[in-house]
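Quick mapping for you: the protein sequence lines, in order, are chains A and B. Residues in the first sequence are numbered from 1 upward in steps of one, following our numbering. Residues in the second sequence are numbered from 1001 upward in steps of one, following our numbering.
Hints are computed from structural coordinates only; laboratory data are not their basis. As the structure is a prediction and not an experimental result, all values here were calculated from the model. Treat the hints with care, as some may be off.
[Said to hold, decoys possible] Derived list of chain B stretches under chain A, where covered just means 3 residues or more per stretch with a C-beta under 8 Å from a C-beta of chain A:
id, region
1, 1016-1024
2, 1103-1112
[Stated by the list, open to error] Simulated DEER-style distance windows between Cβ atoms:
id, chain 1, residue 1, chain 2, residue 2, range
3, B, Asn1051, A, Ala78, 39 to 49 Å
4, B, Leu1041, A, Lys27, 15 to 25 Å
5, B, Thr1111, A, Ala78, 13 to 23 Å
6, B, Asp1059, A, Phe45, 19 to 29 Å
7, A, Glu3, B, Pro1008, 28 to 38 Å
8, A, Pro8, B, Thr1013, 30 to 40 Å
9, B, Pro1008, A, Ile44, 20 to 30 Å
10, B, Gln1003, A, Pro113, 38 to 48 Å
11, B, Pro1083, A, Gly52, 12 to 22 Å
12, A, Ser26, B, Val1054, 20 to 30 Å
13, B, Val1052, A, Ser82, 37 to 47 Å
14, B, Glu1001, A, Lys60, 41 to 51 Å
Backbone N, C-alpha and C fix where the C-beta goes; we use that ideal spot for every residue, glycine too.
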Amino acid sequence: SQELEQSPQSLIVQEGKNLTINCTSSKTLYGLYWYKQKYGEGLIFLMMLQKGGEEKSHEKITAKLDEKKQQSSLHITASQPSHAGIYLCGADRDGGSQGNLIFGKGTKLSVKP
Amino acid sequence: EAQVTQNPRYLITVTGKKLTVTCSQNMNHEYMSWYRQDPGLGLRQIYYSMNVEVTDKGDVPEGYKVSRKEKRNFPLILESPSPNQTSLYFCASSPGRSNTEAFFGQGTRLTVV
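Please put together the full structure from these sequences, using the hints given.
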């Protein structure tokens, strides 16, 4: 079955620094989703990537899906305390099962003022 | 407002006492899922439903039951809760097409003593 591996597991950065979180799939990705979660709260949708080579940005967050469609990266530019939280990548299970998702274990991001 | 509503948000119960966590969505979504989130293990799917009266096991279904009698509701039932079911639970819904984001409820923190 398909698995998603995120790295790093946790990250502490100084405010203003850039950072990257990676998500690697054991199988080809047909839909890759990035979510953010504040501790103990619900998941907030950030971005969805579908095509190999696709790149999307929202404010200071940019996500890419590599050409081979087995890895995605999430890049935050000039991090702020508001970026702190858990970032989760999700994918349509085993090649597009219409909304049936699997998730990576998450990356916990802390931003020091 | 489009949303997924879970109740209760917090619950402390005793081993063996049956409980139900409700989930309701107002977006006419076909797909609904239940996940549990545990430290170090990430978000794992318990059950999912592709439509009314259609449910299937996820990755960790043992000790749980679900039903989908109406499109908008997808309750999670713990017939005889045990301490290893202490967790943070999330309900999610999506339209049921590939590459469409899932919407998550705010979570239910369950403690079984």
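So, going through the hints one by one against the coordinates:
1. Under a criterion of three residues with beta carbons nearer than 8 Å to beta carbons of chain A, the stated coverage of the region 1016-1024 of chain B fails, only 0 such residues being counted.
2. A stretch counts as covered by a chain when three or more of its residues have a beta carbon under 8 Å from one of that chain; for the region 1103-1112 of chain B and chain A the count is 6, and the coverage holds.
3. Checked against the given bound of 39 to 49 Å, the beta carbons of asparagine 1051 of chain B and alanine 78 of chain A, roughly 44 Å apart, stay inside it.
4. At roughly 20 Å, the beta-carbon separation of leucine 1041 of chain B and lysine 27 of chain A lies within the given 15 to 25 Å, and the hint holds.
5. With their beta carbons about 39 Å apart, threonine 1111 of chain B and alanine 78 of chain A fall outside the hinted range of 13 to 23 Å.
6. Distance hint for aspartate 1059 of chain B and phenylalanine 45 of chain A: a CB-CB separation of about 22 Å, consistent with the stated range 19 to 29 Å.
7. Roughly 32 Å separates the CB atoms of glutamate 3 of chain A and proline 1008 of chain B, a value that falls within the hinted 28 to 38 Å.
8. A C-beta distance of roughly 36 Å is found between proline 8 of chain A and threonine 1013 of chain B, which places it inside the suggested range of 30 to 40 Å.
9. Here the CB-CB span from proline 1008 of chain B to isoleucine 44 of chain A is close to 21 Å, well matched to the stated 20 to 30 Å.
10. Distance hint for glutamine 1003 of chain B and proline 113 of chain A: a CB-CB separation of about 32 Å, inconsistent with the stated range 38 to 48 Å.
11. With their beta carbons about 45 Å apart, proline 1083 of chain B and glycine 52 of chain A fall outside the hinted range of 12 to 22 Å.
12. The given range of 20 to 30 Å is respected by serine 26 of chain A and valine 1054 of chain B, whose C-beta atoms sit roughly 27 Å from each other.
13. Under the hint 37 to 47 Å, the C-beta atoms of valine 1052 of chain B and serine 82 of chain A, about 40 Å apart, fit the expected range.
14. Here the CB-CB span from glutamate 1001 of chain B to lysine 60 of chain A is close to 26 Å, at odds with the stated 41 to 51 Å.
Hint compliance for this structure: hints 1, 5, 10, 11 and 14 are broken, all remaining hints hold.
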